[in-house]
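**Q** Residue numbers (my numbering), protein chains in the order written: chain A, 11 to 166; chain B, 201 to 289.
Hints may be right or wrong, so weigh each one.
DSS-like mimics (lysine-lysine), calculated; alpha carbons at most 25 Å apart, straight line [said to hold, decoys possible]: (1) A:K23 / A:K69; (2) B:K231 / A:K110; (3) A:K23 / A:K154; (4) B:K231 / A:K69; (5) B:K210 / A:K110; (6) A:K92 / A:K70.
Quick caveat, the hints were computed from the structure, so don't treat them as lab data.
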Amino acid sequence: MFNNEMKLEFISKSSNEAFARLTVAAFASQLDPTIEELADIKTAVSEAVTNSIVHGYDKKQGIVKICAWLKENEIIIEISDKGKGIENVEQAKEPLYTTKPNLERSGMGFTIMESFMDTMEVESVVGLGTKVTMSKIIKPKEEKEEDEFKMLMTNT
Amino acid sequence: MESKFYEEDKLLVLKITSEIDDHNVQEIRRKADYEMERYMPKRVIFDFDSVTFMDSSGIGLIIGRYKFANMIGAKLELSNLTRKCKKNF
Ligand SMILES: Nc1ncnc2c1ncn2[C@@H]1O[C@H](COP(=O)(O)OP(=O)(O)O)[C@@H](O)[C@H]1O
Ligand SMILES: [Mg+2]
Numbered sequence: 011m012f013n014n015e016m017k018l019e020f021i022s023k024s025s026n027e028a029f030a031r032l033t034v035a036a037f038a039s040q041l042d043p044t045i046e047e048l049a050d051i052k053t054a055v056s057e058a059v060t061n062s063i064v065h066g067y068d069k070k071q072g073i074v075k076i077c078a079w080l081k082e083n084e085i086i087i088e089i090s091d092k093g094k095g096i097e098n099v100e101q102a103k104e105p106l107y108t109t110k111p112n113l114e115r116s117g118m119g120f121t122i123m124e125s126f127m128d129t130m131e132v133e134s135v136v137g138l139g140t141k142v143t144m145s146k147i148i149k150p151k152e153e154k155e156e157d158e159f160k161m162l163m164t165n166t
Numbered sequence: 201m202e203s204k205f206y207e208e209d210k211l212l213v214l215k216i217t218s219e220i221d222d223h224n225v226q227e228i229r230r231k232a233d234y235e236m237e238r239y240m241p242k243r244v245i246f247d248f249d250s251v252t253f254m255d256s257s258g259i260g261l262i263i264g265r266y267k268f269a270n271m272i273g274a275k276l277e278l279s280n281l282t283r284k285c286k287k288n289f
């Protein structure tokens, strides 16, 4: 059912944020994404991993886990922690909502994940942890070229 | 981050040279505020030309620097925010 699968675990240090997004991007490149699509994936991964480190584990140390799958032309990414969990997921997903405004957090993390990826789901249990599952379809190169061609035709 | 102060125009240019994420943002913030306080400019330009990655911590950074610049009576301008970064707004 899946063409490929990967798992990654690392401790909740902020210096691992770049490591995590670059690793997932390297895995995603097997689907031949555009630079823009890759940037979307990197940003979404960065948001979820940062949330696990900053909110999930706060200043404590824990393990952040990433699982990713390639399925046809789709990438599915699951990012989870065993941190403190979210009381009200719907509220947490609202733009500008943050429980740490003093740290200059913008409250835009979930909004960015939602808009940069095709789907985003959050499962969370207070005291047990949080899991964010996101997916994105990477169009094959020929289809992208066809789209571009159509755009050109309609514009002229 | 590189900084350059033009005395005659009271202009401070702050060029961010690293990726902007939760890990790097604290250092960028600390340096930016330090330079603004040290030169007390009238105008600050935040240059994003060399920024290759930015997530939502960049939004918090920019809003926070707006407030800081305002506090010291300076006007903050953003330059070279690429399409990739702008998408975050
Ligand atoms: N992994 C997590 N564990 C615990 N709480 C979380 C987690 N992810 C998000 N949250 C909560 O959801 C809120 C909104 O997250 P987000 O949209 O990324 O904004 P920000 O990170 O800027 O606060 C956070 O302030 C936090 O309270
Ligand atoms: Mg966040």
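**Q** None of the hints should be skipped; say for each whether it holds.
**A** Structure-based check of each hint:
As the CA atoms of K23 of chain A and K69 of chain A are separated by approximately 9 Å, the hinted pair is consistent with the 25 Å bound. Straight-line distance between C-alpha atoms of K231 of chain B and K110 of chain A comes to about 22 Å, which keeps the hinted pair within the 25 Å bound. Distance check on the hinted pair: K23 of chain A and K154 of chain A sit about 38 Å apart at the alpha-carbon level, beyond 25 Å; violated. Distance check on the hinted pair: K231 of chain B and K69 of chain A sit about 23 Å apart at the alpha-carbon level, within 25 Å; holds.
The suggested pairing of K210 of chain B with K110 of chain A is violated, with an alpha-carbon distance near 34 Å, which exceeds 25 Å. Using a Cα cut-off of 25 Å, the hinted pair K92 of chain A and K70 of chain A holds, with the two alpha carbons roughly 11 Å apart.
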